[in-house]
Amino acid sequence: MSMAYPYNQPLEVVHNAYTAQQTTEIASRMGAAKARMRVDKILTSSFMAGAILAFACAAVSIVNVAPWYQENAPGVIKLFAALIFPFGLVAIILTGADLATGSFMVRPLCRHISLYC
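Position one of the sequence shown corresponds to residue 24 (my numbering), numbered consecutively onward.
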């Protein structure tokens, strides 16, 4: 029983990635949009991002105080902390919230807005 699967056919290469220059330009435009946001929207978004990050930090703190792991497997605690904390950062991106410190970083670097808008 022979099946005609194209295992010996070369795979099609898909180039749907941005270059470093294009990525910087996209991030710069996003920074400009965030720089034009109203102050109340910036504060609300920043507080929400801070709350999400605080939740991730609290989860890491809960993992860090497990007494059995501190004595017998301290490496496991560090591994769990390294796995849990990035979920807070991913949650910030997925919810659309943004930390105020990161909102305005790229735009002045590309000289599209001044530091003192």
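These are computed hints drawn from the structure, not numbers from a lab. Quick reminder that beta carbons are idealized off the backbone N, C-alpha and C, glycines included. Honestly, I wouldn't trust all of these hints.
[As the list claims (entries may be wrong)] Beta-carbon label-pair distances, calculated as ranges:
(1) 114 <-> 49: 15 to 23 angstroms
(2) 46 <-> 84: 49 to 57 angstroms
(3) 49 <-> 95: 20 to 28 angstroms
(4) 35 <-> 55: 17 to 25 angstroms
(5) 66 <-> 41: 26 to 34 angstroms
(6) 46 <-> 98: 14 to 22 angstroms
(7) 53 <-> 105: 36 to 44 angstroms
(8) 53 <-> 95: 39 to 47 angstroms
(9) 38 <-> 94: 33 to 41 angstroms
(10) 52 <-> 117: 15 to 23 angstroms
[To be verified] Under the rule of at most 25 angstroms between Cα atoms (straight-line distance), these lysine to any residue pairs were calculated in the SDA-like manner:
(11) 64 <-> 114
(12) 64 <-> 83
(13) 57 <-> 101
(14) 57 <-> 89
(15) 64 <-> 84
(16) 101 <-> 114
(17) 57 <-> 113
(18) 64 <-> 78
(19) 64 <-> 53
(20) 64 <-> 110
(21) 57 <-> 121
(22) 57 <-> 124
(23) 101 <-> 43
(24) 64 <-> 79
(25) 64 <-> 101
(26) 101 <-> 119
(27) 101 <-> 111
(28) 101 <-> 73
(29) 57 <-> 44
(30) 64 <-> 103
(31) 101 <-> 85
(32) 57 <-> 123
(33) 101 <-> 79
(34) 57 <-> 47
(35) 57 <-> 85
(36) 101 <-> 113
(37) 64 <-> 49
(38) 57 <-> 38
(39) 101 <-> 89
(40) 101 <-> 45
Hints and how they fare:
no.: 1; hint: 114 <-> 49: 15 to 23 angstroms; result: 22 angstroms, holds
no.: 2; hint: 46 <-> 84: 49 to 57 angstroms; result: 34 angstroms, violated
no.: 3; hint: 49 <-> 95: 20 to 28 angstroms; result: 47 angstroms, violated
no.: 4; hint: 35 <-> 55: 17 to 25 angstroms; result: 36 angstroms, violated
no.: 5; hint: 66 <-> 41: 26 to 34 angstroms; result: 31 angstroms, holds
no.: 6; hint: 46 <-> 98: 14 to 22 angstroms; result: 35 angstroms, violated
no.: 7; hint: 53 <-> 105: 36 to 44 angstroms; result: 28 angstroms, violated
no.: 8; hint: 53 <-> 95: 39 to 47 angstroms; result: 46 angstroms, holds
no.: 9; hint: 38 <-> 94: 33 to 41 angstroms; result: 51 angstroms, violated
no.: 10; hint: 52 <-> 117: 15 to 23 angstroms; result: 20 angstroms, holds
no.: 11; hint: 64 <-> 114; result: 18 angstroms, holds
no.: 12; hint: 64 <-> 83; result: 29 angstroms, violated
no.: 13; hint: 57 <-> 101; result: 35 angstroms, violated
no.: 14; hint: 57 <-> 89; result: 40 angstroms, violated
no.: 15; hint: 64 <-> 84; result: 30 angstroms, violated
no.: 16; hint: 101 <-> 114; result: 21 angstroms, holds
no.: 17; hint: 57 <-> 113; result: 19 angstroms, holds
no.: 18; hint: 64 <-> 78; result: 21 angstroms, holds
no.: 19; hint: 64 <-> 53; result: 15 angstroms, holds
no.: 20; hint: 64 <-> 110; result: 24 angstroms, holds
no.: 21; hint: 57 <-> 121; result: 9 angstroms, holds
no.: 22; hint: 57 <-> 124; result: 11 angstroms, holds
no.: 23; hint: 101 <-> 43; result: 32 angstroms, violated
no.: 24; hint: 64 <-> 79; result: 23 angstroms, holds
no.: 25; hint: 64 <-> 101; result: 36 angstroms, violated
no.: 26; hint: 101 <-> 119; result: 28 angstroms, violated
no.: 27; hint: 101 <-> 111; result: 16 angstroms, holds
no.: 28; hint: 101 <-> 73; result: 23 angstroms, holds
no.: 29; hint: 57 <-> 44; result: 20 angstroms, holds
no.: 30; hint: 64 <-> 103; result: 34 angstroms, violated
no.: 31; hint: 101 <-> 85; result: 12 angstroms, holds
no.: 32; hint: 57 <-> 123; result: 9 angstroms, holds
no.: 33; hint: 101 <-> 79; result: 14 angstroms, holds
no.: 34; hint: 57 <-> 47; result: 15 angstroms, holds
no.: 35; hint: 57 <-> 85; result: 34 angstroms, violated
no.: 36; hint: 101 <-> 113; result: 19 angstroms, holds
no.: 37; hint: 64 <-> 49; result: 21 angstroms, holds
no.: 38; hint: 57 <-> 38; result: 29 angstroms, violated
no.: 39; hint: 101 <-> 89; result: 12 angstroms, holds
no.: 40; hint: 101 <-> 45; result: 36 angstroms, violated
Checked against the numbered hints listed earlier, the structure breaks hints 2, 3, 4, 6, 7, 9, 12, 13, 14, 15, 23, 25, 26, 30, 35, 38 and 40; every other hint is satisfied.
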